[in-house]
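J.: Each chain, letter by letter, is given below.
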Amino acid sequence: MSKQDFHEISDKLEPEDQAIADLLRRVSFTPSPTYQANLWNKLMHYQSRPNERSTRMFSLLSPYLFSKAVRLGLTAAVSSALTVIIVLSATLIFSPQARAQVQQLIARFVEVDSPEAFLADQIKEQQAALEANKVVAPTEDSAAASKGETLDQNSENSVAPAPNNPAALPTLPDSKDSQAVGGAGQAAPAGVDLPTSSNNSVHLSDSISLEEAQSRASFTIHTITGLPEGYTLQGVVIPPGLPNNISNLPQPANAPLPVAPAVATLHYGNNSGDVLILSQMEMPKLELPANSVAPQVLLPVAKDKGKVQDITINGQPGQYIEINSGGHQLHWQDAGGVIYDLMSSTLDQATLIRTAESVK
Amino acid sequence: MKAKINAYLKKQPKDMSVALLRSKLPYSKSQVDFNSFELHYRHYLPKIFNYVSYRVADQSISEDLTAAIFEKALINFGAYSPARGAFSTWLFTIAHNIVANHLRGQGRQPNIISLETLPQVEIKGASPEQAIIEAEQFRRLTVYLRQLDEREQEVIALKFSSELKNQEIAQIMGLTSNHVGVLLHRALSKLRQSLEETGR
Numbered sequence: 001m002s003k004q005d006f007h008e009i010s011d012k013l014e015p016e017d018q019a020i021a022d023l024l025r026r027v028s029f030t031p032s033p034t035y036q037a038n039l040w041n042k043l044m045h046y047q048s049r050p051n052e053r054s055t056r057m058f059s060l061l062s063p064y065l066f067s068k069a070v071r072l073g074l075t076a077a078v079s080s081a082l083t084v085i086i087v088l089s090a091t092l093i094f095s096p097q098a099r100a101q102v103q104q105l106i107a108r109f110v111e112v113d114s115p116e117a118f119l120a121d122q123i124k125e126q127q128a129a130l131e132a133n134k135v136v137a138p139t140e141d142s143a144a145a146s147k148g149e150t151l152d153q154n155s156e157n158s159v160a161p162a163p164n165n166p167a168a169l170p171t172l173p174d175s176k177d178s179q180a181v182g183g184a185g186q187a188a189p190a191g192v193d194l195p196t197s198s199n200n201s202v203h204l205s206d207s208i209s210l211e212e213a214q215s216r217a218s219f220t221i222h223t224i225t226g227l228p229e230g231y232t233l234q235g236v237v238i239p240p241g242l243p244n245n246i247s248n249l250p251q252p253a254n255a256p257l258p259v260a261p262a263v264a265t266l267h268y269g270n271n272s273g274d275v276l277i278l279s280q281m282e283m284p285k286l287e288l289p290a291n292s293v294a295p296q297v298l299l300p301v302a303k304d305k306g307k308v309q310d311i312t313i314n315g316q317p318g319q320y321i322e323i324n325s326g327g328h329q330l331h332w333q334d335a336g337g338v339i340y341d342l343m344s345s346t347l348d349q350a351t352l353i354r355t356a357e358s359v360k
Numbered sequence: 361m362k363a364k365i366n367a368y369l370k371k372q373p374k375d376m377s378v379a380l381l382r383s384k385l386p387y388s389k390s391q392v393d394f395n396s397f398e399l400h401y402r403h404y405l406p407k408i409f410n411y412v413s414y415r416v417a418d419q420s421i422s423e424d425l426t427a428a429i430f431e432k433a434l435i436n437f438g439a440y441s442p443a444r445g446a447f448s449t450w451l452f453t454i455a456h457n458i459v460a461n462h463l464r465g466q467g468r469q470p471n472i473i474s475l476e477t478l479p480q481v482e483i484k485g486a487s488p489e490q491a492i493i494e495a496e497q498f499r500r501l502t503v504y505l506r507q508l509d510e511r512e513q514e515v516i517a518l519k520f521s522s523e524l525k526n527q528e529i530a531q532i533m534g535l536t537s538n539h540v541g542v543l544l545h546r547a548l549s550k551l552r553q554s555l556e557e558t559g560r
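So the protein sequences, as listed, match chains Y and A.
Here the first sequence is numbered in my numbering, starting from 1 and rising by one per residue.
Here the second sequence is numbered in my numbering, starting from 361 and rising by one per residue.
If you're looking for bench data, these hints aren't it; they were derived computationally from the structure.
Be careful, since some hints might not be right.
[To be verified] Between beta-carbon pairs, the in silico distance windows are: (1) Y:41 with A:492: 30 to 38 Å; (2) A:493 with Y:34: 22 to 30 Å; (3) A:403 with Y:42: 14 to 22 Å; (4) A:556 with Y:38: 38 to 46 Å; (5) A:496 with Y:69: 56 to 64 Å; (6) A:403 with Y:69: 38 to 46 Å; (7) Y:45 with A:509: 33 to 41 Å; (8) Y:69 with A:464: 27 to 35 Å; (9) Y:71 with A:497: 53 to 61 Å; (10) A:435 with Y:69: 19 to 27 Å.
All figures in this text were calculated on a predicted structure; none of them were measured in a lab.
Every residue, glycine too, gets a C-beta built ideally from N, C-alpha and C.
Just chain Y, with the same shape it has in the complex:
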């Protein structure tokens, strides 16, 4: 430093500070010669290796860069995710179609807890559907009679309760083997289906024992006490509905709605394969209005179906029907109001009548 600079500095100091200033100027910290040489060598070494310097600088810088790149990448990813979420939310809010599709997509992935639970649910649904379709007798009299004879609309023998029109009689679907029965010279009334000769809608395979049938039935089942030789009781069938041959009983006007009768069919047979069928139907007691016509229990038979002969069974009026396609049928009502039908394919008229008179 030049003398001029020194005076310039010292001139700016206060007089009382000059002494200390002079001391500070004369005394100084000095580096050792060894340190000076070593430092210079170090600086030269650093200068002579630019690649190392650049690598060193990069190594110092790389963590910063890496972290910055990671920060930028994370920021971009989060921003993209938020953008997608916002767009989807807006689409779901303002687009009903999109909502419906999302709901369908979610429903596909809704899993049942277990196969057993799924099956149980299915079974419950089916049972509920069956319960909803069942028709139960509404009155007290028929309630017991309908025990074990629950009508199912879905079955073949289902009989729907008649509508408010009493004239609309319930009808049973004709089976394949059904045979129309008709009397000579008599035409079937309009709207009335001809009864068939047998309960073809029920089968012997559905039969039960007499004791079991009696336990199920709400009425006393009558049996044939004087069976022809070789015939035995093979089974009792309680059909769910009306037998085909008693399906169309004419009802007077203003008569109460018909209810399901108590029906039982006894199947007899022999070793030769001959069949003897006894159907019995206990009709519910009807409260007929005054001056009404009592229901007719005799069967109308068409001329081309068979020959009808009026007879009496134990003093009660009845019909002997010779079916054109084969077989014989007796139809009568006893003193207790039970309607019977006795059908056979081989027995003659006398034997058939004698067998009918032994029903007790």
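We have chain Y; now place chain A onto it with these hints.
T.: Just chain A, lined up with the frame of chain Y:
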């Protein structure tokens, strides 16, 4: 400039550093720059070391910080332009920042320093007996410097270690020259009082 540098180099000992420099010229363009830097290095090394010693009062730390200062200066020497200011201002700005960072990292500076760790002291223009006395006084002043605030210490160090003018100190510290003058007077007054109280 090139002639001065070559004349300077011819005066220097033919040590390995110079030979190594001349044999390995990574940048032909920066050869002159490196020679110029060496000049600055030779000139400012004692000043920088003195300034750092004023601030940290420890020889080993002073040496490390001095090396860091010149290393950074070397790295950024290509970016220095005389049009932007004096080299001393530029270099002492680097030194000021490095020392400040070091002191900030250390936390609060202890007021008590160890005289044994102080760097070597050089007395100019004094007899041997006077030099011993003044050296002892200087060491005591160094201890009293710790009682001053940060800016007062900085002003003292920059003023008397490198012989910088108040305006240059103001540029380095970001103050006005008048403020530097006030700080300088305040610091010297405190030191004087401390010396008077303990007896010279």
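J.: If a hint holds in the structure, say so; if it doesn't, say that too.
T.: For each hint, the structure was consulted:
1. Y:41 with A:492: 30 to 38 Å: Holds - the Cβ-Cβ distance for residue 41 (chain Y) and residue 492 (chain A), about 34 Å, lies within 30 to 38 Å.
2. A:493 with Y:34: 22 to 30 Å: holds, 28 Å
3. A:403 with Y:42: 14 to 22 Å: Holds, at about 18 Å.
4. A:556 with Y:38: 38 to 46 Å: Since residue 556 (chain A) and residue 38 (chain Y) have Cβ atoms about 41 Å apart, the given range 38 to 46 Å holds.
5. A:496 with Y:69: 56 to 64 Å: The hinted range 56 to 64 Å holds for residue 496 (chain A) and residue 69 (chain Y), with Cβ atoms some 58 Å apart.
6. A:403 with Y:69: 38 to 46 Å: holds, 43 Å
7. Y:45 with A:509: 33 to 41 Å: 40 Å Cβ-Cβ, so the 33 to 41 Å window holds.
8. Y:69 with A:464: 27 to 35 Å: About 29 Å separates the Cβ atoms of residue 69 (chain Y) and residue 464 (chain A), which means 27 to 35 Å holds.
9. Y:71 with A:497: 53 to 61 Å: Check passed, 56 Å falls within 53 to 61 Å.
10. A:435 with Y:69: 19 to 27 Å: The hinted range 19 to 27 Å holds for residue 435 (chain A) and residue 69 (chain Y), with Cβ atoms some 25 Å apart.
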